[in-house]
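Undergrad: All chains should be built: construct the whole structure from the sequences, respecting the hints.
Chains as they are written, first to last, in our numbering: chain A, 128 to 182; chain B, 77 to 313.
Be a bit skeptical, because a hint or two may be false.
What the hints assert, rightly or not - Coverage of chain B stretches by chain A, computed from C-beta distances (three or more under 8 Å per stretch; other residues unrestricted): (1) 120-130; (2) 162-174; (3) 185-193; (4) 296-302.
It should be emphasised that the hints constitute simulated quantities derived from the structure, not laboratory data. Here a beta-carbon is modelled for each residue, glycine too, at the ideal position from N, C-alpha and C.
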Amino acid sequence: MSGISAFVAMGGYAEYVWPAFAVAVAVMAALLVSSLAGYRRNRRELRRLEGTDPS
Amino acid sequence: MLRLANPARFMRVSGAILPWCAGATAIFLAAGLVLALFVAPPDYQQGEAVRIMYVHVPAAYMASLVYAFLALASAVALIWRHPLADIAAQEAAPLGAGFTAICLVSGSLWGEPMWGTWWVWDARLTSVLVLFFLYLGYIALIHAFDDPARGARSGAILALVGIVNLPIIKFSVDWWSTLHQPASIMRLGGPTIDPSMLWPLLVMAIGFTLFFVTLLLVRMRSRLLAAKIRALRLAVG
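TA: Put into structure tokens, the structure is as follows:
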């Protein structure tokens, strides 16, 4: 078995190891994307409102 | 802490430290991933399956740490009625729920090959599941009222009541018989885990902690911007 396929096989535990890492990456990526999206949306909206502020 | 608890000052300070937190998070998580997958040795009993530990243990530690933070911020919010404390608690909750979900799923994926079962209703697993529902209950409760202040108060009280679950999680492996192994890192007499596994674990745990701090700052800043938007809209009419 080559180095890469041995690595992917994870000593026979591939079906447990990779999903565990995948779930962690997926959950943390989802938190990151949703947090940043809300922040950027509010920043854009505030800039728009302050730009049209008559005072 | 309380000197920072002024929205304008919080925006200034958090804006200054946010890029550093984000950079450090990226470095520690990348290093942790390399160490966990390539550098750390396979276990003499568990083989490569032990690598699940580098996801499971930091997530479990964050699940409890974030809840402690949530309860502390809730106490500050109830006692000093400081709006930033409410915001801190409310924005920490989804992050804590995410870490708890990672902990439960990775634990299940570790349990099947090692214990021969995805799940047992023992004290450790059940108390962590309760922690997950505490997070979800808290999130549901703060949004359940028309008046956000009442939602925040109810959520803060739930968060404080739920703190009894934290020592139950910590000591569940000592008090009741369980498939789950006892503490091997945070124990009297020092860790029993080999340094070649402890170091990757610590790097990953620091990465998870920095990830939480970074996203908490982003989310709290976003909430303060939203409050400003509401105030501006009211002023403009």
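Undergrad: Run every hint past the structure and note whether it holds.
TA: Status of each hint after checking the structure:
1. 120-130: holds (count 5)
2. 162-174: holds (count 3)
3. 185-193: Result for this restraint: holds, n = 4.
4. 296-302: holds (count 4)
Every hint, counting from the list given before, is met by this structure.
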